[in-house]
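Trainee: Sequence:
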Amino acid sequence: RTEISFLVQHLPQHDGLVDYESFLRSFRIVDTLIEARRERVLEAFRRFDQDGDGTLNLADMRRILPMLDPAAWTLENVDRLLEALGAGSTNGEIGHEQFVDWIFSTDGEQEQQRLCQTLQI
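Just so we're aligned, residue 1 is where the sequence shown starts under the working numbering, counting upward by one.
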């Protein structure tokens with residue numbers, strides 16, 4: 001969403017039209033921004049992945065998030081996040097692909113914003 005807004009704001013327009021080369025240049029910039037954000041999301045994931053096996057233990061998230069930001073991460077908010085992440089169907093763990101996909105999806109927007117702010121991603 002932020003990246004698309006950037007793209008629209010920075011496209012050079014002539015009479016409301018955008019030439020193909022300008023669009024491609026701007027799109028490459030947005031693609032680079034998205035890839036950089038994806039790397040920040042993966043880095044945040046790795047901070048929680050204590051054993052380095054590519055999964056997050058949701059019980060650890062329930063413990064760690066309130067320590068990072070107690071005001072934002074009440075038990076109710078943590079439970080909403082875990083529900084949004086699909087914790088009930090993952091045997092108490094979530095893989096990095098599922099985590100990254102969720103961060104970039106449009107579901108659970110409030111929980112995504114809260115988590116991104118807490119993790120500074």
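Misleading hints may appear alongside valid ones.
Computed beta-carbon distance windows for the label pairs [as the list claims (entries may be wrong)]:
#1 Arg47 <-> Leu11: 33 to 41 Å
#2 Gly92 <-> Asp15: 54 to 62 Å
#3 Arg63 <-> Val18: 25 to 33 Å
#4 Leu42 <-> Ser5: 19 to 27 Å
Since the hints were derived computationally from the structure, they do not count as laboratory data.
Idealized CB from N, CA, C, for every residue including glycine.
Trainee: So, for every hint listed, does it hold in this structure?
Mentor: We went through each hint and held it up to the structure:
no.: 1; hint: Arg47 <-> Leu11: 33 to 41 Å; verdict: holds (36 Å)
no.: 2; hint: Gly92 <-> Asp15: 54 to 62 Å; verdict: holds (57 Å)
no.: 3; hint: Arg63 <-> Val18: 25 to 33 Å; verdict: violated (49 Å)
no.: 4; hint: Leu42 <-> Ser5: 19 to 27 Å; verdict: holds (23 Å)
In terms of the numbered hints stated before, the structure departs from hint 3 and from no other.
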